[in-house]
Amino acid sequence: MKKTLVPAMLLVLGLTLSACGSEEVKVIESAGGQSAAAQTEETKTEETAAATEEVQAEGTQAALSGYTYNATYGEGSVTIGMDMDMRPVLEALGEPSSYFEAASCAFQGLDKIYTYDHFEVDTYPSGDQDLVSSVVLLDDLVTTSEGLYIGQTKADMEALYGTEYEDKGGSCVYTLDGMHLEIVLDGDTISSIAYNSSVLDQ
Amino acid sequence: MLFTSYSFMIFVAVTFCLYYVCPKKWQWAILLGASYFFYFMAGRTYLIYILVTTVSTYLAARQMDARKERAEQAYALQKDSLDKEGRKALKAKQKKGITRVFLACLILNIGILAVVKYTNFMIANINGIAKAFGGDGTLSFVDLVLPMGISFYTFQSVAYLIDVYHGKYPAQKHLGKFALFVAFFPQLVQGPISRYNELSESLFALHSFDKQNIAYGLERILWGYFKKMVIADRMLVAVKVLIAEPETYYGSFAFVGMLFYALELYADFTGGIDITIGVAQLFGVKVAENFRRPYFSKNIKEYWKRWHISMGTWFTDYIFYPVSVSKPFRKLNKFAREHFGDHVGKRLPVYLSSFVVWLLTGIWHGASWNFIAWGLGNYVVIMISEELEPLYHRFHKRFHVAGTLPWKLFQVIRTVLIMSCLRMFDCYRDVPLTFQMFGSMFARPNLSALTGEAFLGLGLGVTDYIILAAGALVLFAVSMIQRAGSVRTKIASCSFPVRMVIWWGLFFIVLLFGAYSIGYNESQFIYNQF
Amino acid sequence: MAVETTEINHITGEMSGLACKPAKRFGFIKYLAVFLIVTVLFAFLQQLLMPKYMHGIVEGAMIAEYYQEEKDHNVIFVGDCELYENISPAVLWEEYGINSYIRGSAQQLIWQSYYLMEETLKYEHPEVMVFNVLSMKYDVPQNEAYNRMTLDGMRWSMSKVRDIQASMTEEESFAEYVFPILRYHSRITQLEQDDVTYLFRKDPVTFNGYYMRVDVKAAENVPTGRPLGDYRFGDNAYKYLEMMAQLCEKEGVELVLVKAPSLYPYWYDEWDEQMVQFAKDHDLKYYNLLNVTDEMGLDFSQDTYDGGLHLNLSGAEKMAHYFGKILQEDCGVTSRRGEEKLEKAWEEKIAAYEAEIARQEANLKE
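Protein sequences, first through last, are from chains A, B and C.
Final position of the first sequence in our numbering is 204; the numbers increase by one with none missing.
Final position of the second sequence in our numbering is 579; the numbers increase by one with none missing.
Final position of the third sequence in our numbering is 547; the numbers increase by one with none missing.
Keep in mind the hints are simulated off the structure, nothing from the lab.
There could be a bad hint or two in this list.
Here are the computed lysine-lysine pairs in the DSS-like style, where the Cα-Cα straight-line distance is at most 27 Å [unchecked claim]:
#1 C:Lys-211 to B:Lys-260
#2 B:Lys-350 to B:Lys-222
#3 B:Lys-226 to B:Lys-117
#4 B:Lys-539 to C:Lys-211
#5 A:Lys-170 to C:Lys-420
#6 C:Lys-525 to A:Lys-114
#7 C:Lys-530 to C:Lys-431
#8 B:Lys-142 to B:Lys-128
#9 A:Lys-114 to C:Lys-431
#10 A:Lys-114 to C:Lys-398
#11 C:Lys-530 to C:Lys-252
#12 C:Lys-431 to A:Lys-170
#13 B:Lys-222 to B:Lys-117
#14 C:Lys-318 to C:Lys-211
#15 C:Lys-420 to C:Lys-431
#16 B:Lys-145 to B:Lys-217
Since this is a predicted model, take the numbers as computed values, not measurements.
Start from the sequences and build out the full structure, keeping to the hints where you can.
Shown next as structure tokens:
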């Protein structure tokens, strides 16, 4: 008995350990909200039910995930996470020092840029909401929640965020919960810090 | 390659052409090649798994047959020189050799299934237990491949192995043909779990181009696409929302979700099986039916004889019966009769073996607690209804409602509702949450939330609901007609123009109202992973 | 309770009750008739369901409009919204006698521009082809909806096939370009009056490819670009730019690169340097019109309709006035004033152009 069993067991073990990088088949369990995000922009002439977009917007209104930015402007302060609704940010910080909106070609809806002196918040339209697509630190008078600011060095960055980043030539990208913290380096010096939503991945 | 993908349609069309153009003696090889190609496209490493199962089962079965033959010869030679005891000892020794091969192969194949499917589940549980006892519970998960349809082909192979072991039929001598039996692509994704003796005849036969049969096959495929794309995939949009946001959609909406899922699952699973059977029929292969209007069942027991039939019979034949007649169970039976009297004595072993069956059925569906809870839920309901049998009896003696239409309707609705409730374990995939949601239906029904606006918030528009209602009505009507006889025979007997209107009408309905392409989420058959 | 046996019917194997077979010859005609009816119905439904792009988002109708043109232009502009909203061919004709056309569509990616060039050259041989370089910033397929608007209008040719293959995002499939009904079938529940009105005909939505807007929205607070990690354009984008240069050289057409004077999206100096270098290496002309907005007389408080992204009519006419001179003097594009047929065609076009200006201005006043 043992003679046949041992090779059999070994084979099982060998097989199961050899193959990695699974291409697991999705079942309904992977449903939750995921799908809605995959929805493409629909042309106005073939509007999908506005309801879907509502769901989409609500779906993304979950608790803040990834790296977040503690923004202060004047008296107001608020923690900004990617894909969050812009309304609470506006309520907390008040009118920005500068505002710009860019219509996307052929489509309804505007990408908006709110500049608050030292940082800028960009949004994208989703249903009847504007969701945050990125936060960019504009000068060395503001720091990330973890304490990083423009002008520091790569070593400072690694000390604060670790070394698990993707090196994209001139920039280092940390990914957390799908969002990215992109730090651009000019030589060894940090020249830009931006929080980017995964919607910008395309 | 999903059944609903363009690539699958092209793949079937190409295979179909090759199948009827090439010499008939190569038909099996074309199907095998196509099946392996199909499987390879699903995942590059999958082929290794299916090949191991195929070759090991093939060799073990051949080996068992060879041993049996040698044993018979040896026995014939030696039996005259042996006394009764000696003959018995010889037989036992021979049997032991065969059993050894059998067990080795069985353990190998069940072992592969168990490891790839349940390792991480076990690790999660060990971590959980460790945490409960103050440990840190940080065993890391293993990145394992879960080959598509592994549960289906493993069960199919295991049934074959057991049948050959028991001498039900001889082992297949042709490795290629056996490989085709294991990997036949239409049923690889989501079953049914075919039996070798049922499938092999039409699978290995030489098939000529049979217009009628092919027309039937195409008709069946179209019907499957209708169910899957027009109904299931559309319903899925709302189901996903309902499941994803339990804190918004509780109470009455949990009930709605339960019913929506019942429709979605039925249309998805039976639609998939229709496509399987239809595609097989294009190649002249007869795959057994897996459903018989399950939602018309009058009780759960009957339901399980009409829903996913091949799985139910598999568990009955290869788990329930063997367990029931196994030595420990016979002993238990005897013990129970002696100690608790006939009533309990008769039931205890049945209840115990049923417990094993439902536990395994649950686990087979998925490596998580919700499936186990679901399996045991079924078990509890069946056992309760068994126990209540005398009560029903008395009731029916008193009130003569049995057999009347309202009573039958009541039974059918009751069965559908109970099954739908149990399926909530499958929906929410979280046992405490399922209980919470089930409780919310009674504790905080929140009926005022059921507004038209709320329904439109589920991602479906008014027209979608109209299409769904119409689709469900068509399903119901077809099922009703089926009770009186085959629908397709009726269609076949119609005049040519009527037939064309029906076929092409269905084609255009699927084309226009199917929930496919961008804007809808490509969903896979729910049963893929089991 | 057991299932009644009468209810059990295994459908396979039911071969009885078939309709009797009619004569063979008749049978063939029968099937042919079915085939024809189904094909016609299919084609009709497809035509009905495809978006018409006649109102609202008219950008989707631009690519197809070209085929209605008399194809003998001196200059063809190829590119995205920075061309089709920023330069007026009517002014080029009136002031310089240049017969031009803009083959552009929303977010037209560089490979789409390349294949449109390739296709255009099958129909005609212009003296100059002008390409707007903004789309160099996109290296990979972007967006299904824009793809459809650019590709659906193209006539079938190998250029279109290759264009589709280069443009498809992961979620798209080639079959849905061959049979667009597979993509647009869900519009069956959202059909509009336009779908019936424009079932078999299309109205022009542009003036030789130019999309007119007369309204004004001043450019304010236009953000500067945030620093990038890597400014080099992608290899794929370069590949197609290279292919454009080669194609034009082979066909004997002068390729002119241009960066239109739109303030946003931001055009980095580092990008500009790369284009200058590419032009130098390939002996091409490259004009960054952002550097000459003053010479052009552009006033971004007046000449844009969306805050600096696109020019309005007044801006587009200024750009035509400026760039026409470049085309005439630097590129030697000849004036075709005096060609009777052309004069007549332009007379009609300019009348329509003026009428549209009047219509839009009247609308604005309301």
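For each hint, the structure was consulted:
1. For the hint pairing Lys-211 (chain C) with Lys-260 (chain B), the CA-to-CA distance comes to about 16 Å; that is within 27 Å, so the pair holds.
2. The suggested pairing of Lys-350 (chain B) with Lys-222 (chain B) is violated, with an alpha-carbon distance near 39 Å, which exceeds 27 Å.
3. A distance of roughly 22 Å separates the Cα atoms of Lys-226 (chain B) and Lys-117 (chain B); the hinted pair therefore holds under the 27 Å criterion.
4. About 21 Å separates the Cα atoms of Lys-539 (chain B) and Lys-211 (chain C), which keeps this hinted pair within 27 Å; it holds.
5. With a C-alpha separation of about 21 Å, the suggested pairing of Lys-170 (chain A) with Lys-420 (chain C) holds against the 27 Å cut-off.
6. Restraint check for Lys-525 (chain C) and Lys-114 (chain A): the C-alpha separation of about 46 Å exceeds 27 Å, so the hint is violated.
7. In summary, the hint linking Lys-530 (chain C) to Lys-431 (chain C) is not supported, as the alpha carbons are separated by about 33 Å, beyond the 27 Å threshold.
8. A C-alpha spacing of about 14 Å is found between Lys-142 (chain B) and Lys-128 (chain B), which places the hinted pair at or below 27 Å, so the restraint holds.
9. Proximity of Lys-114 (chain A) to Lys-431 (chain C) is assessed by CA-CA distance (about 44 Å); at most 27 Å being required, the pair is judged violated.
10. Note on Lys-114 (chain A) and Lys-398 (chain C): the hinted pairing holds, with a Cα-Cα distance of about 16 Å set against a maximum of 27 Å.
11. Restraint check for Lys-530 (chain C) and Lys-252 (chain C): the C-alpha separation of about 15 Å stays at or below 27 Å, so the hint holds.
12. Proximity of Lys-431 (chain C) to Lys-170 (chain A) is assessed by CA-CA distance (about 37 Å); at most 27 Å being required, the pair is judged violated.
13. For the proposed pair Lys-222 (chain B) and Lys-117 (chain B), the alpha carbon gap of about 15 Å is at most 27 Å, so the pair holds.
14. This hinted pair does not check out: Lys-318 (chain C) and Lys-211 (chain C) have alpha carbons roughly 56 Å apart, beyond 27 Å.
15. The straight-line distance between the Cα atoms of Lys-420 (chain C) and Lys-431 (chain C) is roughly 16 Å, inside the 27 Å bound, and the hint therefore holds.
16. Restraint check for Lys-145 (chain B) and Lys-217 (chain B): satisfied, since their Cα atoms lie roughly 18 Å apart, inside the 27 Å limit.
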